[in-house]
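Taken in sequence, the protein lines are chains X and B.
Residues 705 to 940 (the working numbering) make up the first sequence, in order.
Residues 456 to 1238 (the working numbering) make up the second sequence, in order.
Possibly wrong hints are sitting among the right ones.
Simulated restraints, written as ranges between beta carbons of each label pair [claimed, not checked]: (1) Ser873/B - Asp732/X: 47 to 57 Å; (2) Phe878/X - Ile475/B: 45 to 55 Å; (3) Ser920/X - Arg837/B: 56 to 66 Å; (4) Asp827/X - Ile1214/B: 44 to 54 Å; (5) Arg883/B - Lys721/X: 41 to 51 Å; (6) His842/B - Ser920/X: 48 to 58 Å; (7) Lys717/X - Arg883/B: 31 to 41 Å; (8) Ser873/B - Phe878/X: 42 to 52 Å; (9) Asp732/X - His842/B: 18 to 28 Å; (10) Arg837/B - Tyr895/X: 32 to 42 Å; (11) Gly834/X - His842/B: 27 to 37 Å; (12) Asp732/X - Leu860/B: 50 to 60 Å; (13) His904/X - His842/B: 19 to 29 Å; (14) Ser873/B - Tyr895/X: 54 to 64 Å.
Read the hints as simulated data drawn from the structure, not as lab findings.
Just so you know, even glycine gets a beta-carbon here, dropped at the ideal spot from N, CA and C.
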Amino acid sequence: MASNNFVRVEAVKKIYKMGEVNVHALNDVSFEITEGEFVVILGPSGSGKSTLLNIVGGMDLPSEGRVFVMGNEITEYDERALTLYRRNTVGFVFQFYNLMSNLTARENVELATEICKDALDIDEVMSAVGLGDRSGHFPSQMSGGEQQRVAIARAVAKNPDILLCDEPTGALDFQTGVTILDLLSRINKDYNKTVIVITHNAAIAQMADRVVKMRSGKVIDNYVNAHPVATERIEW
Amino acid sequence: MTKLNLRLLRTIKHTLGQYIAVSLVIIIGIMSYVGFSMAMVNLETTVSAYKQATNAADIYVELNRIPANALKFLYDIDGIVDIQGRVKSDIAYTNEDGVRGTLRVVSVPEDQDRAIHNLYIREGSFVRGNRGVMVVQTYAQANGIEIGDAMDVQINGKTYRLTVEGIVSSSEFVYVIENEQTLLPDNEKFGIIFLEESFAQKAFGYDNSYNDLLIKVEDEEQIDGIVDTLEKKLKRYGASRVISHKDQLSNRMVEEEIKQGKNSARTVPFIFLIAAAAIIVTMITKIVRNDRMAIGILKAMGYNNRQLMIHYSMYSMGIGVIGGTLGIYFGMQVAELFARMYVEYSFDVPMLVGNFYIEYIFAGMFMTVIFCVGAGIFGSRRIMKIHPAESMRPDAPKVGRSIFLERVRILWKHISFSWKIVLKNIFRSKKRFVFLVMGIALTYAITVFPLYQFVAMDEVFLLHYSEFQKMDYNVNFLKPMNEHTLYDIKGVIDTSDIEGKIEFPFKIEHKWKSKIINIIGVKPDTVFYNFVDAENRPLKVPNEGMLLSEGLAKIMGIHVGDKLLVKTFVPERDDQWVEVTGLVKQNLGSNAYMDIDYMQKAFMDDQLITGVYIDSTDDVKSTLDDMKYVGSIQSVVDMKEGFLQFMDVFYMSISLMIIFAGILGFAIIYNSTIISMNERQLEFSSLRVMGFTKNEIFKTVVYENIIMTLFGIAVGIPVASSMLNGIGEALTTEFYSLNIKIPAAIFFYGGIITIIFVIIAQLATYGRLHRLNFIDALKNRTT
Chain X
705 MASNNFVRVE
715 AVKKIYKMGE
725 VNVHALNDVS
735 FEITEGEFVV
745 ILGPSGSGKS
755 TLLNIVGGMD
765 LPSEGRVFVM
775 GNEITEYDER
785 ALTLYRRNTV
795 GFVFQFYNLM
805 SNLTARENVE
815 LATEICKDAL
825 DIDEVMSAVG
835 LGDRSGHFPS
845 QMSGGEQQRV
855 AIARAVAKNP
865 DILLCDEPTG
875 ALDFQTGVTI
885 LDLLSRINKD
895 YNKTVIVITH
905 NAAIAQMADR
915 VVKMRSGKVI
925 DNYVNAHPVA
935 TERIEW
Chain B
456 MTKLNLRLLR
466 TIKHTLGQYI
476 AVSLVIIIGI
486 MSYVGFSMAM
496 VNLETTVSAY
506 KQATNAADIY
516 VELNRIPANA
526 LKFLYDIDGI
536 VDIQGRVKSD
546 IAYTNEDGVR
556 GTLRVVSVPE
566 DQDRAIHNLY
576 IREGSFVRGN
586 RGVMVVQTYA
596 QANGIEIGDA
606 MDVQINGKTY
616 RLTVEGIVSS
626 SEFVYVIENE
636 QTLLPDNEKF
646 GIIFLEESFA
656 QKAFGYDNSY
666 NDLLIKVEDE
676 EQIDGIVDTL
686 EKKLKRYGAS
696 RVISHKDQLS
706 NRMVEEEIKQ
716 GKNSARTVPF
726 IFLIAAAAII
736 VTMITKIVRN
746 DRMAIGILKA
756 MGYNNRQLMI
766 HYSMYSMGIG
776 VIGGTLGIYF
786 GMQVAELFAR
796 MYVEYSFDVP
806 MLVGNFYIEY
816 IFAGMFMTVI
826 FCVGAGIFGS
836 RRIMKIHPAE
846 SMRPDAPKVG
856 RSIFLERVRI
866 LWKHISFSWK
876 IVLKNIFRSK
886 KRFVFLVMGI
896 ALTYAITVFP
906 LYQFVAMDEV
916 FLLHYSEFQK
926 MDYNVNFLKP
936 MNEHTLYDIK
946 GVIDTSDIEG
956 KIEFPFKIEH
966 KWKSKIINII
976 GVKPDTVFYN
986 FVDAENRPLK
996 VPNEGMLLSE
1006 GLAKIMGIHV
1016 GDKLLVKTFV
1026 PERDDQWVEV
1036 TGLVKQNLGS
1046 NAYMDIDYMQ
1056 KAFMDDQLIT
1066 GVYIDSTDDV
1076 KSTLDDMKYV
1086 GSIQSVVDMK
1096 EGFLQFMDVF
1106 YMSISLMIIF
1116 AGILGFAIIY
1126 NSTIISMNER
1136 QLEFSSLRVM
1146 GFTKNEIFKT
1156 VVYENIIMTL
1166 FGIAVGIPVA
1176 SSMLNGIGEA
1186 LTTEFYSLNI
1196 KIPAAIFFYG
1206 GIITIIFVII
1216 AQLATYGRLH
1226 RLNFIDALKN
1236 RTT
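My request is simple: use the sequences and hints to build the entire structure.
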C-alpha cells in the first residue's frame, strides 16, 4: 500500500549568504509526495528547484523547516546518518552525467553498488537501460545519451527508494531526451521507484503523476496530474 | 578489487610519469638511509670483529729502548694482561721503478697464535728465518710485489736482500698512512713490512731489547689509568708516545670515516624525503581540487570522508610502498657495496661482516609511512570540506587582480601578450610559485654540495701545500741529529732555502682533555710556513709560548691565552705550562708550533733537529737517498700526485650526488609542470581557439619555468651558502678543516647544472602537452 506522505517537506527555507546579501533560495516550501509517484518539479532557473532536490537528497541542509522521508526526519540527521541515507535510500542522476572518466560503464555502476546493502543485479540493470553490450566502454567512448543511461543505471542499481534526477535531459537533444524520460518512466513503473525529476522544461510535466511548480523559491502550484501522457507523445 | 581502488590504479597509470618521478625521490631517500646506516654498522662490526680475531692491542707505546727483561716489571701494573715488545722503525726504500718511499719495519714474534695484532696471511706464509719478509697487502698491490720477490732494504747502512714470503694485513694498519700530516694513503710510497723478531733486533741494533710495545689490558675502563702509569714508568726508557687504541692513528681515521658516514645517514635521506613529501602534498592537493566534482558525486552516492581520504591517501601510500620497498632493497645492496668498497679500497680489512639489520629496515619503512601517508593525508584534507551539493556547481572563478608589474605602465605596455600571460600566471599562483622556487633552490643546493666538496678538497690541499707550507721538500731524519747536519746537506744539494726543524710528539693537556700531537719547532722568521689566523692576519711564532692549529683548539676547547700542560716524553725533562699565543688556520693535520730555540731549551737538547725543510730545484730525493740518517723525504709534487689519485675515486661519489640532485630537480619540475598543464587545460584551449599554436603555448610554460628557475637559483644561493657553511663546520675534524672561502665558481656551475635538469624535465613534458586534446577539454564533463 502506497504511503501518501512518502516524502514530506515542511516549511523549508534556505538562505545563502553571498557577501553582504542574504539570498533566499527557498522560502517556506511545503509539499508531500506519495510512494511510487513520478514527480516533476518545474521551474525556471533560479527558482530553487536544485536546492530543494539537494535537501531532499541529503546533500544539503535547510536553514529552517523539516523534511521527512519514509517517516524519518532527515533534517535531524548528522553527517554520518546523511551519508548512510544517500548510500541506501536515494539515487542521483545529474544533468551532465558526472561519470568517472577512468572507469568503464559497468565499473561506474559497480562503484555505486559496492557500498550499498541491497543492490540489484548489475547485468540486469545494464540491460534494462539498453547498455548490455556497451558496459565495457569508457565514458569518452559513449554518446551523451549513453552516458546518461549509465548515470541512471548507476543510480537505479543501488536499489534506492527514491530516484532524484536533476535536469536529466538538459544536456541532450530532443530524441535522446525522450528516450531517457521513457527509461525513467519504466524504472518508475517496473521497479516501483519514486522518481523526482526537476526541470525547466514544461513539456516534461505532462508525463508526471504529480507536478510541483516553483518560482523565486516558492511553490506556486502542486497538483496531481490525472492523465499523465506517454513519453512518446511529449514534444518540445 | 573495489572499483574505487580500480579508479585509483587508473589514476596512477594516467599520472605514471609523475608517480615514477616522485617514487624515485623516495627510493633515493630510503636507499641512502638504509645503505649508509647498514654499511656503517657493518663496517664498525667488521673492524671490531677483525680486531678481536687478531687480538688487537689496547695501548701502544713508542720508546727509545727497553730491555726485554724489563717488560716483566710492567706486569705489576694492575690491569695489564699481556705485553709484546717489538722493534719498529721507518727506513727509506726505493722500489723497482726507482720511486723512493718509506717502509715501516715492524718485528713480529715467532709465536703468531699468541701475538698481539697477529697478522692475517693473504698469500704465502709467515716468515721463517732471517731473510724472509712479509709485506702489507696495500703496498704489495701498488708495487706489484709477489711471493718470492726479492727486496733490497738498507738498515743501519747495511743492505739486506729479503725474500717476500707473505702478503699480509694487520688490524693495526687498517688505514695505511705514514702520519697525521699525510692524511691520504699513498700505497706506492708508503707501506709496512714485517720481519722476524730476532732478525729485526739484530739488524736495527736492538739485541734483547725493543723500541715499541703493544699492551693488552683486562678491562677497557682501566686504559686511561694504565696509560698515565705507563707514561711515568717508561719515561726512563725514553717513552715518546703512550696512547690508547682510541688515539691510534689508523683507528682514529676509521672511526672518523664511520662517524661521517653515520652523519650522512642522518641528514641526506631527509632532504630527499622532505622534498618528496612536498611534491606528494602538491600532487594530491591538485588531484583533489581537480576531482572536486567526482568527490561530490561519490559523497552523493554515500561514500564518507574516511573512505575518500583513504582513497586519495592510497595514491601516496602506493608511492611509499614502491619507494620504500625498492629503497630498502637497493639500500641493502648498496650497503654491502659500500662496506665492500671500504674494506677493499679505502681500508685494508680481509673480512666483511655483512649483516642485515632489521631495525634499519623497519626505520626505513617507518619513515616512508610517516612521509608518504602523512603527505597523503595532508594533501587530501580538503576532501572534508567538499560538500556534495556545492561540488556540483563549477568552482567560482578566481578573483582577478592586477599584478604589481601592471602598475608599471611604461614597462607593461612594452611586454608581449605571451609574456603578459607568463608573468600574470607566475604572480597569481603564489603557492605554486613558492613550491617551485623552493624546489629548484633545494635542487640547486644539493647540486652545489658535491661541487663544493670537490673544490673544497682541491682548495684545502692547494692552500695547505702552497699557501701554508711553502717548502719543496720535508725531510725527516731517522733519529734526532745535530744542527750541523744542515751543512752536510747544503754541501750535496744546491738549496735556495734550508732550515732545520724539530717535529716531536708531546702530550698536551687542557682541563680534562688531552691529546698527543706533534709539536713543530721552526725558526721565528721561517720562510717555510705562513702562519695566519682565521681572519688571515699574520701570526708570529712567539719566543716563548706556542701557536696551535685551529681545528685542534676547537676540539679541545682551547682559546688564545690559555696555558696548556705540555708533557714531555724526553728523559730528564720536566713537563711545562706553555701559553697559546695564537690559533693558526690550518686545513690539514693538527699541530702546535714553537720557536725552535725555545723548544730545544725547554724540551729537547740544544742544537738538536729531527729534520729539515728544503727549497731546491735539484733532484733532492736521489741525492739524499744515500744519506744514512735520512728517513723520509716528502715532496709537495708527490703529495699532489697522491691527491689527484684520490680525487679520481672522489669523482664517482660526486657524480652520484649530482645524479640524485638531478632526479630530485626532474621530479619537482616535471610534476609541477604536468599539474599546471592539467589545471590550465581550459585556459590553453581558449588560447588555441584564439589561434595560438601548441608550440606557442608550450613556450609560455617554458618561459614561466625559466623565470621560476632563475628565482629558484637566486634563492638557492643563500640556501646553499648557509648549508655549505654548516657542512664545512660539521665536517671539520682534528685532521682537516673545510673552513675555506666558498669559491664563486661552484655557484655558477651549480646554476648551469640546475638549468640542464630543468631543460630535461621540460622536454619530458613536451609530449604530454602535444597529446592534450584542447577541444575535448573545452567540452569535457566527465570527472
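Going through the hints against the structure:
no. : hint                             : verdict
1   : Ser873/B - Asp732/X: 47 to 57 Å  : 55 Å, holds
2   : Phe878/X - Ile475/B: 45 to 55 Å  : 48 Å, holds
3   : Ser920/X - Arg837/B: 56 to 66 Å  : 34 Å, violated
4   : Asp827/X - Ile1214/B: 44 to 54 Å : 53 Å, holds
5   : Arg883/B - Lys721/X: 41 to 51 Å  : 26 Å, violated
6   : His842/B - Ser920/X: 48 to 58 Å  : 24 Å, violated
7   : Lys717/X - Arg883/B: 31 to 41 Å  : 38 Å, holds
8   : Ser873/B - Phe878/X: 42 to 52 Å  : 44 Å, holds
9   : Asp732/X - His842/B: 18 to 28 Å  : 23 Å, holds
10  : Arg837/B - Tyr895/X: 32 to 42 Å  : 37 Å, holds
11  : Gly834/X - His842/B: 27 to 37 Å  : 34 Å, holds
12  : Asp732/X - Leu860/B: 50 to 60 Å  : 52 Å, holds
13  : His904/X - His842/B: 19 to 29 Å  : 24 Å, holds
14  : Ser873/B - Tyr895/X: 54 to 64 Å  : 57 Å, holds
In this structure, the earlier hints numbered 3, 5, 6 are contradicted, and the remaining ones agree with it.
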